[in-house]
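Mind the numbering: the sequence shown is residues 110 to 196 in the numbering used here, read in order.
Derived CB-CB ranges, DEER-like:
id: 1; residue 1: Q120; residue 2: T159; range: 27 to 35 Å
id: 2; residue 1: R191; residue 2: K114; range: 51 to 59 Å
id: 3; residue 1: Y170; residue 2: L149; range: 36 to 44 Å
id: 4; residue 1: V164; residue 2: V188; range: 16 to 24 Å
id: 5; residue 1: R191; residue 2: I161; range: 20 to 28 Å
id: 6; residue 1: V148; residue 2: V188; range: 45 to 53 Å
id: 7; residue 1: L149; residue 2: M180; range: 42 to 50 Å
id: 8; residue 1: E158; residue 2: G136; range: 20 to 28 Å
id: 9; residue 1: Q169; residue 2: G136; range: 34 to 42 Å
Below, a list of computed lysine-lysine pairs in the DSSO-like style, where the Cα atoms sit at most 30 Å apart:
id: 10; residue 1: K185; residue 2: K175
id: 11; residue 1: K114; residue 2: K151
id: 12; residue 1: K175; residue 2: K160
id: 13; residue 1: K153; residue 2: K114
id: 14; residue 1: K175; residue 2: K189
id: 15; residue 1: K153; residue 2: K125
id: 16; residue 1: K189; residue 2: K173
id: 17; residue 1: K118; residue 2: K151
id: 18; residue 1: K185; residue 2: K173
id: 19; residue 1: K118; residue 2: K153
FYI, nobody ran anything at the bench for these hints, they're computed from the structure. Beta carbons: idealized from backbone N, C-alpha and C, even for Gly.
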Amino acid sequence: METTKLSSKGQVIIPKPFRTTHRWEPGQELIVIDTGDGVLLKPKIPFQETKIEDVASCLQYSGKPKTLDEMEQAIKQGVKERFHDSG
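Given the sequences, and given the hints that come with them, work out the whole structure.
Right, here's the structure in full:
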């Protein structure tokens with residue numbers, strides 16, 4: 110168990126072992142959660158967590174289902190166009 114003090118500006122120093130364990134660097138944004146008997150600090154994730162359901166609902170295709178061969182050919186063609194035709 111480590112202890113720390115609250116400064117007159119409301120700042121708290123998080124002991125180095127905790128910063129190292131959690132890989133928190135200077136400037137790391139933290140979310141402060143009131144737990145009732147204290148506070149919980151969690152790193153702020155720069156991007157909201159994405160769930161497969163969120164992505165799948167955006168992918169609407171109404172045509173005939175593509176075969177794996179058709180998908181692979183389309184990917185190969187896209188790579189060829191992007192990287193081989195760029196000059």
